[in-house]
Structure formats: C-alpha cells, structure tokens
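> Here's the letter readout for the chains.
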Amino acid sequence: MRQLKSLLMALTLVLFTSTSFAATLDDVKARGMLKCGSNTGLAGFGLPNDAGVWEGIDVDVCRAVAAAVFGDATKVEFVPTTSKVRFTVLQSGEIDMLSRNTTWTLQRDVELGLEFVGVNYYDGQGFMVPASLGVSSASELDGASVCIQVGTTTEMNLADYFSANGMSYEAVPVETNSEADAAYTAGRCDVYTTDASGLYASRAGYPDPSAHVVLPEIVSKEPLGPSVRHGDGAWADIVRWSLNAMIIAEEKGITSSNVDEMKNSKDPEVLRLLGVAQVGDTGAGYGQWLGLSDDWAYQIIKQVGNYSESFEKHIGPNTPINIQRGLNALYKDGGILYAPPFR
Amino acid sequence: MSSIVYSNKFLIWSKKNLFSSWINTLLTVLSIYFIYEVSVFFLDWAVFKADFLTNFRGERIIDRTFCSKNIEPGSYGACWAIIHVRFYQFMYGFYPAAEVWRVNLVFFLLPFALVAIFFDKVPFRKYLLYFTLAFPFIAFYLLYGGPSLTTVGTNKWGGLLVTLFLGVTGIALAFPLSIALALGRRSNMPIISLLCVIFIEFIRGVPLITLLFTANVMLPLFLPDGVSPDNLLRALVAVTLFQSAYMAEAIRGGLQAIPRGQIEAARSMGLTYWQSTRKIVLPQALRISIPPIVNTSIGLFKDTSLVLIIGLFDLLGIGRAALADMTWTKLYYEVYVFVAIVFFIFCFAMSRYSLYLEKKLKTDNSS
Amino acid sequence: MQNNFLRKLIFDEKIRSIVIQTLVIGFFALLVYSISQTTAYNLEKRGIGTGFEFLGMSAGYDISFSLIDFTSKDTHLRAYYVGVLNTLLVSICGIFLATILGFLVGIIRLSSNWLFRNIAYVYVEFTRNVPVLLQIILWYSILIHLPKIKKAIQFFEYFYLSNRGLYSPAPIFKEGFSVVTWSFILAIIFSFFLRKFLKNKQNQTGKQFPIFSIMSAIIIFTPVVFFYIMGMPLEFEHPILKGFNFKGGMVIRPEFAGMLLGLSIYTAAFISETVRSGIIAVSKGQREASQALGLKSSLVMRLIVIPQALRVIIPPLTSQYLNLTKNSSLGIAIGYSDLVHGFGGISLNQTGKAIEIMLIVMVTYLIMSLTISVLMNFYNRMVQFKGNA
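Chains as they are written, first to last, in the working numbering: chain A, 1 to 343; chain B, 1001 to 1367; chain C, 2001 to 2389.
Just chain A, with the same shape it has in the complex:
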C-alpha cells in the first residue's frame, strides 16, 4: 500500500508540479514564490494591466504577504480563479491563499474548510440599471429580468430580497463577469446585480459609463476578504497580520514614502510595527512570533503601501472605478475599518 503510494508519487512527480499542505510557510519559502488565487479579471480589485502586471486592492494583499515573507513584494504568482473553482483550488493546495473579492460567510468559513483572516473591503450587493429606464429604487424592479453572475452568494441575496418585497423577476444566470456584462449591455436583462464594487468596476469599462446608474439599495452584507486553508493557524496569522499591518499603517499615518522617517517615531506602536522595538529584552522584534523577520511590516508598507494608498490607487475617486471610502474608511473617519492593536 505504502509502496504503491510512493510509486504513484514518484511517477507523477516527474510530470506534475508539487505542493504540500503541511506548513504552508515552509512550502512558500522553499518554493521562493507565493501562489495567490486572484480574480480572472475585475478592474480595481485584480486585473492584469496592458503590461500583464496584476493590479488591484485584492492583489495588493497578496503582495503584502509576499513582502512580509520574502521582503520582496514581487515574489507572487497569481493564479486566476473563477468563482466556481476558487475554493477547490485553495482546498487542493494549488494556491497558498485566496484574495479575490470573496464574501466571508459562516458556511465558507466552517463547512468548506476555509479560514477567513479579515476584511479588506466592506461591500454589499447592489443593482445597476440603464439610466434610460428611469428607475430610482430597487423596489421598482418588480417583473424585471435580472442578470446574475452565479457561483456567489448573489443569487441567494437576490432571491431573498425579491421574495421579501413580494416582487417577481426573471433570473438570467451567467457564468462570468464578462458574460454578465455582455448580456446586460445587449439588453437581455434590465438589471445587473452583483457586489456594488463589481458594478462600479464593470461600469467603468462600458463605452458610456454615465448611461448606467447604480441604485442606492444595498441588499446584503458582503465583507470581502482574503482566506487560507483551515488548519494552518500559523499561516493564517501571517496573512491576517499582513492585512492588519496595512490598516494600522494608515491609522498611524505611515505611508510608503514616509516609512523610513517613521522609524524615529515616538509612538511605541509604530516602533513595534516597523520592527524597531524589541519584545521585552529578548533582543528580537515582533517578527519572531510569526516566524518572519522583524522588518516584515516595514517591507509591506515600503513596497505595497498602507491601506489608503492601495485604495486610492486602484478604486478611489480619482480612478475610473470611482468609489468613495464610505464604510471602508477607518473607524476614526466614520467607517468601520478597524484593526486590532499591534502589541
């Protein structure tokens, strides 16, 4: 039995690439590359630009983890995943983490064997309609045809919203974002529903963005965040605190351009974050708890930037996506973004 297994392994290893589950951090280090599941293409969140470089706030989280582990944010290989295969790809160990606008839910966290480590974008499901329809509220959508991208919580929220309001609709289920765009712009459906962020991103790509409006109703809570496989707590911690480091950096006003000056800050939390302070008198910084070097958070901020920088660069009001901070502002600024203290 064992021999057969090792024979099979030996045979297949010749042809196939190898991954393992044991300790993800060791695997990643041994490989010299972080494998990160990204979207197949969602502007502002994860999309290759003309030069083929992935850009977006989701892929920035992957870069942050790579910066923390290797001190080099470019050591990431992005594996585009559809919403259908994203969980199996993570479960099977093909990728080390998943960061592609995925909603944190009980079932995914518990039953599907994932572990969500935080939220990098507070989203909610919205509706987009052509401005020419003259609709100003989702409650006027009785009898409409609705394009839904399947394989998400979207179809469930949609069903719940319409039945709760006693309205009927025709569901037009499509597989990918771009198919939904095609069906919606062709007029196959009146409404396109997905996470509001996705609607903004799609709209930015339309020939005439101003001809479409996103309705004010947000019908669901969609906390989007990175996830890892269940059962490797140490690795989950690394991803979790990489994200937290970006948020704390914004809170403390540390940016990629002033991070070197901030090493002289008087704020003890900043000093802990940037790897200047030591844990007690151990002679080592806070990196040791995560199994990383002490400057891991410094590298994140230096190479990727803080949360606000990432947001403004990819989806903020000065980009074609044009999303306000809203819920995603820090708790101090009226939003709900809140990272645990760094100590």
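Hints may be right or wrong, so weigh each one.
For lysine-lysine, the following DSS-like pairs were computed, each having C-alpha atoms within a straight-line distance of at most 30 Å [unchecked claim]:
(1) Lys-252/A - Lys-302/A
(2) Lys-75/A - Lys-1156/B
(3) Lys-2151/C - Lys-1049/B
Everything labelled a hint here was simulated from the structure, so no lab data went into it. Every value quoted in this text rests on a predicted model; they were computed, and no experiment measured them.
Here the structure of chain A is known, so what remains is to put chains B and C in place on it, guided by the hints.
Just chains B and C, lined up with the frame of chain A:
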C-alpha cells in the same frame, strides 16, 4: 472544335442534372437564386464592404468605435481589425513574445511528424517515423522548456496552441490505450473484458463536460498529497480517457472484421496470443478501423473547445475573451466566423483524409 | 514438482488466465482502495464534509426557466428535478427537430438536381466540421442581439420577437376542453384499429383503401367537431408589454432557443449522412424492380426504400441521439438551466459537495443514455422483425 465538344458535354450534363423535368428546372432556378443571395450577402459582409485594418475614411481601427459600421449606421461590413489586433492571442494565447519562436518551430515541425503516419508513400518514411516517435518529447521540451530554455507555464498557453496540443496529444495518448481496451473487451478472460466494458460504456455514457469538471475539480482530491497536476494536464487526462473509449469502439469494429479462422490458423501454427495479435490481427484490424478512428478524432478535435468552460483559453476561449473586452464586444460575428473557419479547415481536411483512406481500402481489398 | 507447476503456470491457458485475472483484480482493488483512502484523507484534512443531506436543504436560489414550480425555498433535490426536466426538454425537442431536418437534408442529398443536392452538401460539411459549442454560442449571440424588448418585432398581431425571447399567445383551457382532448386520443386509438382492420381486408381481398387519408380525417375532424359541440372552450391570453417585460402569453427564451438551434442543426448534419448512406445501401435493383412493377416513386420510397433503409439507419441514428443528449450539457456556456448548469453548477457552488453532485449528474446521464439505447434497440428490433416477415 474542342470547345464545341465541351459545351455540348456541358449541355448534356446540365440537361441530365439540372433540367431533367419541370420540377428539376424549378429547383435549379431556386437554387441559383438562393446561392446568389447568400454569396452576395456573405461576400459583401466579409470582403467588399468589410474593414480590414482601416475604415472607409482611412483611419486605423483601434477599437470598435472606429469601424465603418459604427461611424456609418447604414453599412454592415465586417470589422476584421479585431482578428488582426488579437491575432497573436488567437495563435499562442499569452505565450511570452520573446519565446514565441519555440511555438512556431513546433507548428512548423508538426506536419513532418504527421506525414509519415498519414501516407505510406513518403520518401525517407523510415527516418520520418523515428522523428514522429521523438516529436512529442521535442515538442514538449520546446513548448514547456527545460535545460537551457526558460520554462513557460501552461497557464500562459492559449489559442490554437492549446487546441492543437489537446487535440494532437489527446489522440496520440489515447491510441495505445484504446488498443488495450479493445483487445481487453474482446478477451476471453471475463473479468478483464468486464472491466473494459464498464470503462468504455461509462465514458461513452456521460458528457465530456462532466469528465472535464471531474478532472478539474476532483482529481486533486483523488491524488496523494503533494501531487497536483496543472489545469491543462487535467483537461488532457479527461480528453485522453474520453477519446480512448471512442477509439476503442472503432478498433473493436476492425477486430470483429477479422475472420475467426485466421486467428485459429495462427494459433494452430504455434503462435502465442501476443504473436498472433501483433503479427496477424492488429495490422489488419487497424487498417480497417483507421477511417472511423479519424472520424472520432475529428469529434475530439472539435470537443477540445469545451475546455473553455473550465477556464482554459483554447481558440474559442480566446475568442470569447476578446469579446469580453468592452472595446470589441459587438464584433461577435467576426470572432466566431474566424474561429469557425479555423476549426473547419482542420476538421474538413481530416474528413477528406478519412474519405481518401476509405476509398483506398476499398480498392486495395478488391485488387 | 515445482518445475511442473511453473510450466503449467506459463503454458496452461486456463491457469494462466486465472492468474492474470487475479492479478488484475488485485491491482484494481488496490488502486480503488488507495484512491478512496487518499480521497478520504484529503477530505478530512481539508475539513470538507461528505454525505447527501444537502439534497434536503433549501436551495436558496431561483430558477426562472423551469417546467415545474421552483422558488428559492425549494430543496436542492427539486433543483435536480428541474435540471433533469430541462435537459430532457431540450434533448427531446432537439432530437425531434434534428430527425426531421436530418431526413429532409439526407433525401435532398440524393436529389437528381446537382445544384440542389450540393447546397445540402455544403450545409452538411459546414455544420459538422465546426464545434457544436461554437454554434450554440453563435446562435445565442445572434438571439440576444435581436431588438430590445421595447422595440420588439411584432408579427401576426400577437407574436413578439425580442432579445428576451419569442412571445406568443398562451392557450387557456376552459371547462369542457378535456372532452376535446379525450376525443382526440380516442380518435387516434380508433384509427389505429381501423388501420389494422383495413390492412387485413386489403391482404384478404386485394382491394386498396386510402388508409392514410381516412386516418388523418378521423384524427383531425373528431376533435374539431367536439370543440364546436363543447362551445369552443378555449381562449388565448395575449402577451402585453407592461413595465419591464411582456406579461401573459407564452415565451421561448433565447437560452432555450439557442440550445435547440445549435444542437438540432449540428446533429441534423450527421443524421442526414446516415440517412443518405442508409438509402444508398438499399440496392438499386430493388428500386428499379419496384418501379418496373409500376409503383409511383413516392410509393417506392415509402414502401420499399425507407423500411429497408431504416434497418441500416437506426444504429447510427441511436448514437446521434445519444450525442445530442450529451451535448445538451453545454447549456452552461449560454446560461440555459440544464442539469449541469443548475444542479451541477449553482448547487455545487452553494454546497461545495463536488463528489456527491458530480456522481449524481454522471449517473443521471448514464441512465438517460441507457434509456435511449434500450428504446432504440427495441424500435430497431421492431423494424428488423417487420422487414423479415
């Protein structure tokens, strides 16, 4: 003088084939009208009123809004610029441009590897056959990389490259497997024959897409820790198994056509099962079953387009990706017609070849 | 002693075959055991639960294209039924259309008119050498770029064609319509008995009856008469553009129409080839002999050629039907809610039970394939028997 004979011949022919009765004459007139309308419509669209790289104003087309049909609402010609702009992707997918000579070299060598299999009267056939045997390794080394060539992961492959890779490799790998299955199904050993029957009928009873899903989603679950074949390899596994079942049935047809007496004669002369199978049965059976094998291969070649559903970018997948780009999204006729023509060229050539073989078999047998 | 045993092992066919088979079984058992062990281990390691309880849980999503009522509160099991029914619907309609078109084209391919038969030839070569998936996607693209709903093309007064489908009046059956239905069924049964009776009579006396005309007259006129007797218990509900969509009436959705067009036009090309070769296989002598007997050419076709050709046609026809049914699984590419798209896609996503769901889907297709094979074999035997009698 000769032209009169010809025109006479033509008259006799047309009298017989086009105007033999009033119903026939009516059909001829209707057919001519139909052919005229369709070809005028199509040629106008595809050639005469079409934009190739520039529109009617002479501007270079960089996106759909510059197509003539978008500037002039009345015109309806095709806008082939999309094919030009995305031609690289249609051929190679996302293969790095610096390394693309490797793909071109493989495309160039492929006919040489195939010609010795397809035709038996080729100069230097013996040496070409050695080349054919070595070709898979050469091609894999060139495409994927290895010593002294940089690795190009299969996630960068796409377009015609993926279509041909899945088609050719799937058929080549399925061939030995299908011989084993066909022999196994006809074996005297009940258990082996049962296993082969179950395998063949199971594969033939379910759609390819379910096999692709299974390979894509579940293969990693079935394999031990640390082994995870990449997406293209998974699709290749599914495609190979699928093709081997259909090919096995084609070969079984050939095996059934071998008279029992020949096998018995061979056995009574003291040949073992393997000797008689290898020397007497298989050569004849394979010869008979090549036309149906080619037919299933055409089927498989077309079915490779299904891999777009599991997220691979074959020729059709690249076409869909081009249409997903909002700058081109309305040019679906252009993209699909182009992809259809490429598939047609390959499949039609194969079906002509299978017809040629069938004819050859018939004349060989009657002589 | 031992030498003898070895010799037997190698040269005695019976023993050798037993040894080989035992080895094969052993290998397979080991393989299956190893795979199931690894799978169980992998599932546990990844914290994926197994079991079929999810079938009873509510699906949580809506399927608009369904033959039975389905809302988001129904179970995954019911979503499965919806998928099976939709797969069957498009397969059966497709088989029906493809058969008609295929026979038609097959016969045209044998027309004595050179131009006419070559038009059919071009159609056959073009459709069967292009992937069916591409054809389905192309048809769907054409259909969703039809005029938008507000600019729907109106024809025959109550029919509307738009990119959301073809809307037509829906029949509303009022009280008393069941009488008409029953009269129709009874007329069919009666006319078949009549046919048997007349055939017998024809065989005994040699007198010919216009059986076909009599049968059609009975089948058509009986329900019409009853329809008037019952006071025309049928009304039509017309589609009316209201709000976002047409209300009332019936609709053929572009997803369904795209599947149907793609599948049937593709399969018809293959069917036409089997029909053509089946007809060619009936020897020319037979045709000439029956013509010499003075039979009209339409009768030669119906009485001599087709019954014999059917014997050759049915086995390859069966495999075309099987192919069409399997190809109906491509609905996922254009959003047709078939078994693979709905249950095998959305339910799989919601529950994450990949192994269980793919198993159910595959077994369902196996059962469908088996059923078609059995039915066609049965029909084949009927045809063969008739031909030989």
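> Assess, step by step, whether the Cα of Lys-75/A is no farther than 30 Å from the Cα of Lys-1156/B, and give holds or violated.
holds (18 Å)
> Would you check the hint for Lys-2151/C and Lys-1049/B, treating anything up to 30 Å between C-alpha atoms as holding?
holds (27 Å)
> Given the proposed pairing of Lys-252/A with Lys-302/A, does the C-alpha separation stay at or below 30 Å?
holds (14 Å)
Of the hints listed earlier, there is not a single one the structure fails to meet.
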